[in-house]
Amino acid sequence: MSTHETTEVPDGAKAVDPTDPNLTYREVLEEGLRRDEIEIVHYEPQFPVPGTKAEKRVERLVAFLLLLCGLAAIAFVVIYVSPLGQPEEYHFGSNNWDWFTPLLGFTLGLSLFGIGMAILVYGKKLLPHEIAVQQRHNDPSSPDDRALAAGTLGFIGSEFNIQRRPLIKGALGLGGLGLGAAAVVVPVGMLLKDPHKGDPGGHDPYMTTGWNPEAFNNGKPVRMVREDHTPVRPEDVSTGGQMTVFPDVPGGTTNEHADSPVLLIHLRDEDAQTLRDNLHKYPVNAMDGGSMWNNFVAYSKICTHAGCPASLYEQQTNRLLCPCHQSQFLITDNAKPIFGPAARRLPMLAIGVDDEGFLVARRDFDVSVGPAYWERPSK
Amino acid sequence: MKRRKVDLKALPGATANAVDERFKVARPLRGILNKVFPDHWSFLLGEIALFSFIVLLLTGTFMALFFDPSMTEVKYDGSYTPLRGQEMSHAYASSLDLSFDVRGGLVVRQMHHWAALLFVAAIIVHMFRIFFTGAYRKPRETNWIIGLLLFWLAFLEGFAGYSLPDDALSGTGLRIATGIMLSIPVIGTWVTSSLFGGEFPGHVILDRLYIVHVFLIPLVLLALITIHITLVFIQKHTQWPGPGRTNSNVVGERFFPRYVMKQAGFFMLVFAVIAAMGGLFQINPIWLFGPYRAAVVSAGSQPDWYVMFLDGSTRLMPAWELTFSIAGHQYMIPGIFWPTVVLPGILTVLPMAWPFIEARKNKDKSIHNLAQRPRDVPQRTALGAMAVSFYIVLLISGGNDIIADKFHISLNAMTWAGRIGLLVIPPLAYYITHRIALGLQQHDREVLAHGVETGIIKRLPNGAFVEIHQPLAPVDDHGHPEELPYVNWTVPKKMNRLGALGPAIRGFFKPIEVPVKPQLPPAPEKEREKTSV
Ligand code: HEM
Ligand code: FES
Chain R
1 MSTHETTEVP DGAKAVDPTD PNLTYREVLE EGLRRDEIEI VHYEPQFPVP
51 GTKAEKRVER LVAFLLLLCG LAAIAFVVIY VSPLGQPEEY HFGSNNWDWF
101 TPLLGFTLGL SLFGIGMAIL VYGKKLLPHE IAVQQRHNDP SSPDDRALAA
151 GTLGFIGSEF NIQRRPLIKG ALGLGGLGLG AAAVVVPVGM LLKDPHKGDP
201 GGHDPYMTTG WNPEAFNNGK PVRMVREDHT PVRPEDVSTG GQMTVFPDVP
251 GGTTNEHADS PVLLIHLRDE DAQTLRDNLH KYPVNAMDGG SMWNNFVAYS
301 KICTHAGCPA SLYEQQTNRL LCPCHQSQFL ITDNAKPIFG PAARRLPMLA
351 IGVDDEGFLV ARRDFDVSVG PAYWERPSK
Chain W
380 MKRRKVDLKA LPGATANAVD ERFKVARPLR GILNKVFPDH WSFLLGEIAL
430 FSFIVLLLTG TFMALFFDPS MTEVKYDGSY TPLRGQEMSH AYASSLDLSF
480 DVRGGLVVRQ MHHWAALLFV AAIIVHMFRI FFTGAYRKPR ETNWIIGLLL
530 FWLAFLEGFA GYSLPDDALS GTGLRIATGI MLSIPVIGTW VTSSLFGGEF
580 PGHVILDRLY IVHVFLIPLV LLALITIHIT LVFIQKHTQW PGPGRTNSNV
630 VGERFFPRYV MKQAGFFMLV FAVIAAMGGL FQINPIWLFG PYRAAVVSAG
680 SQPDWYVMFL DGSTRLMPAW ELTFSIAGHQ YMIPGIFWPT VVLPGILTVL
730 PMAWPFIEAR KNKDKSIHNL AQRPRDVPQR TALGAMAVSF YIVLLISGGN
780 DIIADKFHIS LNAMTWAGRI GLLVIPPLAY YITHRIALGL QQHDREVLAH
830 GVETGIIKRL PNGAFVEIHQ PLAPVDDHGH PEELPYVNWT VPKKMNRLGA
880 LGPAIRGFFK PIEVPVKPQL PPAPEKEREK TSV
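Here the protein sequences come in this chain order: R and W. Terminal number for the first sequence in my numbering: 379, no gaps in between. Terminal number for the second sequence in my numbering: 912, no gaps in between.
Calculated from the structure, these hints are not laboratory results. Among the clues, some could well be false.
[Claimed, not checked] From the derived model, a few chain R residues whose C-beta atoms are all more than 12 angstroms from chain W:
hint	residue
1	27
2	32
3	57
4	64
5	85
6	120
7	164
8	200
9	217
10	255
11	315
12	337
13	366
14	376
[Stated by the list, open to error] Each computed DSS-like pair below joins lysine-lysine, with the alpha-carbon atoms no more than 25 angstroms apart:
hint	chain 1	residue 1	chain 2	residue 2
15	W	403	R	124
16	R	169	R	53
17	W	641	R	125
18	R	56	W	641
Note that beta-carbon positions come from the ideal geometry of N, C-alpha and C, so glycine has one too.
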């Protein structure tokens, strides 16, 4: 903008030649400011009389802060290389290593605090205080400039003259479209995965869990195991007790089968009776004679809300609480959601006992486990 | 020999000339050195965000040298004994190594986490400052929109980072994220399976999130922050109204040296706070949570604080599942779709449109460089308070189980309080804020008209009492002050703001000086003459 370079001086002030070697720094600065439309309207040294006690005090403070910075930094390095940082092993409970990280943080923080305050005090207390005023220019470009830019663009457009070349226009559209499509198709296509196409056996992953005999166990019912792969007998769960069990298939206890964990509950007689009476309310659970085995019932642990393990079992009220958003399921009523955001029951797993007396899943879940989705079968 | 000796005194000048001959920088340099910046504490909020971002880049780059996002299982044999021999992913194991076996790794890890929390907090408070002072108005709408994008990017970046160590909390967070993705109508399962490379958790999600966290989002953040700050430079910062300050000037200090020193010092202080927190306050002790297992979660598992408002909205949502059939097929929209996909959508689009909505409502096309005091725009301020209170109810609900546990309140009562509060509190906040803003304005006007209260009560001959005011303007012939115009800026309300003496006794909470004892009765005439000088 040409206004910035103007050398004409208003108000009769003398034009200043910044290359004049006799000028002081201040005079040159002010000439620069004038050209940038800045004016220092107030300029006040912090200590008009140099060398006062007050000024010395501030100087000492800055020096002290810098010293603090250096000392703390040295302490940091010393602690860092000290044996504190390299024990053989870590246990719970207090040991020397517990001091290592806090000391590092403290010394580093102190050191940075020192330099930060030193800079701040130097700037705020020793450098002159000023009030400067700079003009803004709120108007847009001048009509001339706008017209010139518009005309230039117009001319460039006319140089292409695409309007007069319908063939190129059409081809360009098509080419652009094609390239654009390619640019989308490639990354999306690379990621894209059909959600319902599973293993070669054609099992829909959203409908199949580790309890599926056909998919994972050569058609034999899958045993229930603990996390350490030991199978479970009914006697292992005391009345009123519960246990998290996994399918006894390869990787069944790992995140490989993240939708398979099941909560096995041994109900008290009266609760079991209540549940049996309620089975018909949710027909899926009553299929071929009911999914319970004696007083045992197994529900999917995967919350139907967003998939957290619904794992807090309240014996007194027979409620299962999901800690993520506090949905509560009533065990004695087919795990019906009775509070919170979950809208669907926890699926029940049909269980039984095999010839060796171990608990098994008679078949996979009859419904899709876990959170809902658009095309989820409503069964 | 002598002739070749370098003239040290001429060296800087010679170098400067050499540089200018090549890059022609003398004039832009002068412009930057002299640029005037207005100063106010509330303008530093954006800086806190910027500085914590720099700390994030520094600490994050260090950690990237040691972290391994692979989800392949290994047996842990590092030096943290309680977990030795356990199966876990490389990601979790390398996070443990970073905490225990890399010297000083834990400080850096914790600094990174604290910096992330501070980053988002600073962004949010900064955004409030921009909103309540109207700094988003023309010509700064673009920066407002960029700012909102920055907020959501910071949110995603934080979430991605939180997921990386593959501890119990990361996994739980990711699992909920799948639940949210699955709820998107029509494409939910496709999106989820594509991102996870199959069913949750699959084998690739951490590798993908790693690239997102250390490359993609930081790159975009860096680019947008650069544009954001360049725009502040070009458009010049807003300033508060006040003596000599107009819509077409900037009153402040030159960029160099004092303003820059303040910035540099402030950066060091922010850095210092993060370093001290990183050392002294434990955060995300992943070794206590254990590796992620789909069947395990502990009560009171919390996301990072900035995710809590969405956790809260999810908790408060009633169990509404929409099912309907199209062409004989049953379809459904799960309830979680509304609080976690639709709500954030609204929270993005509505604020983005706000500058334009407001300008349109006020038929306002002018340029605004003066910030507004919240009280001077009661409607906007009240709307803002409404939004803030909505946000706070959600935030509190995100930790309602912790509150219920600590204060022995029923969890269900907390949820219901949140549901009702979400509907009742924001309108109430609107009403109250509106009244407060008008009240403050009114008081300013009174002071301008009648003057400052002096605390002096005068008794008139007829027995009535009047309070004496110190007029701010010259008085007319009848002794009445002229009424001063309202200029949307601070009005002095205390006598010592007008140069009257400050309180005689120092000390804020309790006096530092002993108050003067009650005086003895005046000495007789003669003595008095002796003592007075
Ligand atoms: C990555 C996060 C962010 C960083 C590093 C950042 C940084 C900054 C800085 C350093 C400034 C100049 C000083 C100041 O006014 O505080 C600024 C100004 C501004 N920011 Fe941000 N900011 C961030 C996020 C946001 C967000 C979330 C919004 C709003 C939605 C926003 C809107 C603005 C606006 C409108 C200005 C201009 C203010 C004015 O001139 O008065 N920023 N930002
Ligand atoms: S995941 Fe169980 S309530 Fe949300």
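Results of checking the hints against the structure:
The non-interface label for residue 27 of chain R is consistent with chain W: the shortest C-beta to C-beta separation is roughly 15 angstroms, beyond 12 angstroms. Its closest Cβ contact with chain W, about 5 angstroms, brings residue 32 of chain R to no more than 12 angstroms, contrary to its assignment away from the interface. Chain W leaves residue 57 of chain R outside its interface by the beta-carbon criterion, the shortest separation being 19 angstroms against a cut-off of 12 angstroms. Under the 12 angstroms C-beta cut-off, the non-interface status given to residue 64 of chain R relative to chain W holds; the minimum distance is some 15 angstroms.
With 12 angstroms as the threshold on Cβ separation, the claim that residue 85 of chain R sits away from chain W is violated: the shortest Cβ distance comes to roughly 5 angstroms. Separation of residue 120 of chain R from chain W is inadequate, the least Cβ-Cβ distance of about 3 angstroms not exceeding the 12 angstroms criterion. At roughly 36 angstroms, the least C-beta separation between residue 164 of chain R and chain W is larger than 12 angstroms, which holds for a residue marked as non-interface. Under the 12 angstroms C-beta cut-off, the non-interface status given to residue 200 of chain R relative to chain W holds; the minimum distance is some 14 angstroms.
Against the 12 angstroms criterion, residue 217 of chain R stays outside the reach of chain W, whose nearest CB is about 18 angstroms from its own CB. A beta-carbon of chain W is positioned within 12 angstroms of the beta-carbon of residue 255 of chain R; the least distance is around 5 angstroms. The Cβ of residue 315 of chain R lies farther than 12 angstroms from every Cβ of chain W, with a closest approach of about 16 angstroms, so its non-interface assignment holds. A beta-carbon of chain W is positioned within 12 angstroms of the beta-carbon of residue 337 of chain R; the least distance is around 6 angstroms.
At the 12 angstroms boundary, the C-beta of residue 366 of chain R stays outside the reach of chain W, the nearest C-beta of that chain being 16 angstroms off. The claim that residue 376 of chain R is not at the interface with chain W is violated, since a C-beta of that chain comes within 12 angstroms of its own (minimum 6 angstroms). Between residue 403 of chain W and residue 124 of chain R, the direct Cα distance comes to roughly 33 angstroms. Violation of the 25 angstroms bound is thereby established for this hinted pair. With a C-alpha separation of about 80 angstroms, the suggested pair residue 169 of chain R and residue 53 of chain R falls outside the 25 angstroms cut-off, and the hint is violated.
Restraint check: the Cα-Cα separation between residue 641 of chain W and residue 125 of chain R comes to about 11 angstroms, which is no more than 25 angstroms; the hinted pair holds. A C-alpha spacing of about 21 angstroms is found between residue 56 of chain R and residue 641 of chain W, which places the hinted pair at or below 25 angstroms, so the restraint holds.
The structure shown violates the earlier hints numbered 2, 5, 6, 10, 12, 14, 15 and 16.
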